[in-house]
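We have chain A already, so just place chain B on it with the hints.
Given next are the chains, with one letter for each unit.
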Amino acid sequence: MPASGNNFLPQNMMQQQNLSLRQQLYTSVYTTVYSPCGKYLAAGNNYGYCAIFSLPGSLAFEATENSWKPIFTFKVSEDGPVYSMTTTNRELICGCSGYIKAWLWSNIIKRTNKLAWSLIIPTKSFSVSEINSMVTDDRDGNKNLFAGCGDNLIYIFDLENSSLKSTLSGHKDYIHCVTMCNTRSEFVSASEDGSVRIWDPRSKNEAIHIIEPYRNEMCARPEFGKWLGCVTMDTGDDWLVCGGGPQLSLWHMRSLSATITFETPNSCQKHALIHEDTVLSAGSEPYVFHWSLNGELKAQIPCTPTYVYKVDVNTTSESNKVLCIAGNSSKIDVCTNFNYKAFSLTFPPCS
Amino acid sequence: MAASMDFDFRVARSEFRVALQGFLPQKALSECIPHVQNYHGNESEKKLALDQALRDIVKIVVHEDHGCSVYRDVINTAIEAATQDVCSASTPFVILSDVFDMITLEQCEDIFNLVEEKVSTWKSDTFYDAGKNYLLRMCNDLLRRLSKSQNTVFCGRIQLFLSRLFPLSEKSALNLMSQFNLDNVTLYNTKPEESRLRKNDRMEFEDGEMEEANSMVPIDYNLYRKFWALQDFFRKPVQCYEKLSWMTFVSNADEVLTAFSSYKLDDMKTSRKKLDKSYMPEAQTYFAKYLTSEKLLNLQLADSNFRRYVLVQFLIFMQYLNAPVKFKNANYVLTEDQNVWLKTTEEKVYLLLKETPPDGEIFAKSIQHILKREENWNVWKNDGCPSFERNKPATDVHHKQRVKRKSLGADLMASGGKIIKMGNPELTRLWNLCPDNNEACKSEKRIFLPTLEDFFVDAIEQADPEAMMDEDLKLVNEQVFQWKALRLLARRSPHFFTHTHQPAVSLPVYLESMVTKLAKEMPPPHEEMKTDIGEEEEIKAPSPEEDGEEIKNDGADIPASTWKFNSDFLQGGSSDDLPITKQQILEVAEGLGNDWKKLAVELNFLDDMIAYFDSENQDITQKALKMLTVWFENEAEPATPGCLRTALNEIGLLELADQVFPDADGNN
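Chains as they are written, first to last, in full-length UniProt numbering: chain A, 1 to 351; chain B, 1 to 668.
Only chain A is shown next, with the shape it has when bound in the complex:
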């Protein structure tokens, strides 16, 4: 007879429980992406797992705690976190340490873990470079993937034949964020070295413009460093928003000058996006800030993670148009109305 109920559990089961509890506690979600149909949300965490959530299910009338759990979880990376994610019309693409993996959405929806393809970042040294940010460009018949990596380089892959088209160098430190221009073929990157570089993929190795917010007295904040965590463009490509160590700021693209700063005295912004006429940004504070383009703080919405890595609006499906907030928590906050947190999706520990 066992002395007590607790002792009845085998040692390794207890450990398992503890471990998964701790895992849950230490889960960070670095990246999220919506499926092209807008009905699913994919999230990648620091244990290398990817979880798929159903948005209609979690928004349903009869939704409960259970419907806020993933419908499907699978392992992406054996040796590190999932750093970045992006999507094409067909595939979910995950960036890990040194390699890129892709799954077909059609398979994912069927809940089958069937790898579509993978790419390896060519390394010159023994170290592997993590892929911090990815963006796809499928305009003009192209099917390009831009990956900003930890080795200060940006790789451009052609997804048609899975070949490396070119490598762009110029950044002096690792790259945080890569984003596409909406109307032109140019793309933009932000790096730890404090510069935003605007590239034209056709003109090969040279950045066409460089912005250095840490040198601008309006946005420089030496106490937070010069690194830039985020960069984003408005729909007309007239304005660029970037921030990090320096104050989040709005830059006029033609004159390449800072016009407005969005002041967050206590935090650095890690992610920013322009949604309609609002700039949404979040970073090292448990808030999502809503700014009007003239720099006025419209709202400051409390959220669960204390450090936010990703804020994303589902624009492809009107009925699932939600705002998801991911960060250093296993909870991914969902806002139906962007002004308050409606509920949280849970990324459970996986093993």
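Simulated from the structure, these hints should not be mistaken for lab results. Incorrect hints may have been included.
[Unchecked claim] Partial pick of chain A residues on the chain B-facing surface, computed with a CB cut under 10 Å: (1) E62; (2) S257; (3) N339.
We put the CB at the ideal spot given by N, CA and C, even for glycine.
This is chain B only, laid out in the frame that chain A set:
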């Protein structure tokens, strides 16, 4: 009774009706009242006929749809007829309810103006008792016809009218038992089937197009459910005293308030600024019920008015939970934890109200004030709704409140014996002698009249032949004694004003006889004394005035014994101290020399007085003497050798003191 036999009800009724109808086109129905008065027949029967005729007229005019002004005229006529006692008092009300029953709501609103105007008429003695029930019934009928959400203004008018009509103490409309309106259920979609069913219903009507529109925006059903579930707690607050429902309530309320506090509405202001200012004056909107469609939730969250409604509901609800209400079950008490939650939540709600534009601060303050007043009503209800009319004793209170003129003495008494400064040292001294004037007058010290025995004791002894007193030395021959004796006798002796046949005798003779009389009346140990009346010397009695002036003018000539008397009077004979004699004062004055000024200071003379003494005389002794005399006269009460001795001692002239008052040591 012959007249009444002649009276035919039907004839009268139709005749009256015809008469009324005749006046109808000129809108002067009241003209027919004299006609009715002149009509033959019994008063009460005529009344009945007119009542009926008026109702007939109403039927006719409404049927022919004459319009509001005619209805008005009919009603006014009925009122006038009733005031002149031509028809019964209830007729105007019967007609009113007839009219209201038959006309459209639009016309009702017009006619109701008349009802409102006539409130004072309805409240008059003639109509109140006869009509109050009719009016109440009429108003309730009207309210039943009106829509609570469409005709809010008219409903409000009717309610206001009723509250004006009935006295404040009328309790018929009062929710005495503090019951809740449990019928006020807020319906919302609680079951998924329900909402799906609705969707399907609509889809049937409008095809698939609707489906997309239906699912246009993502809906936070979680909040939706929790939000509308709160309404049920607001409807029936006693649910919260059950543990389980309390927990549900707390979680729901927390969620809703968190959503509110996250979803700040301050961006409204900026967007409004961008828009035209003309948008500012918002029309007052009122909805009796919430619209609970899930699709409205996002809009409702963004609506500051809506938010206010809900937050105020919270406040009212929370006030009830803690308020002592008479009809609340005794075990409906909150625990400590619940109270803490209530308190923090209340603060949160007020904060949210303050944050809610426009003018959140003012709004929150007003709500707080209104709820404070609500507490008073609650207390009033708990006390069994006491009448608001004040009772008669109120007038007494009014009398008491009349301002009393304060006397300075009262101030002094109130100060409890502490000296009150009057600004002038002399005034201060005088006022502080005895604060209570009455007491001061009754004081023993104020009795200056010596008793007969005391005053005449020496004279009686002298009158005794055995004393062998020299006639000249007898007191009775002394002018001052004579004067004083006469005055004292006038006040004290019963023999003074006796009727006598004897011719007037000389004063000493008279006094001798009086003294003998007194001696007889006085009890032993003294034996009877006899006086030789004839031997008394004749001395003209000086007039009291002369004598008084003599004393005033030339104090120095008065024998020392006078001082004694003076002093005796002043001291009321109670002091053991020997009085200061003129001689002693002279001695002191001589002894002082240049030190007289010091003594003056010691005796509380002011500088200007000292300067006056200084200037008055050349000789130092004279100055000192003047000073001492003034002191002696002013310082009526404590003018004893002791005082002077102490004063001398203070200025270091102890030898002089000992020399002048060798025997005063013992006393002080």
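Hints violated by the structure (listed by number, smallest first): Per hint list: single violation, 2.
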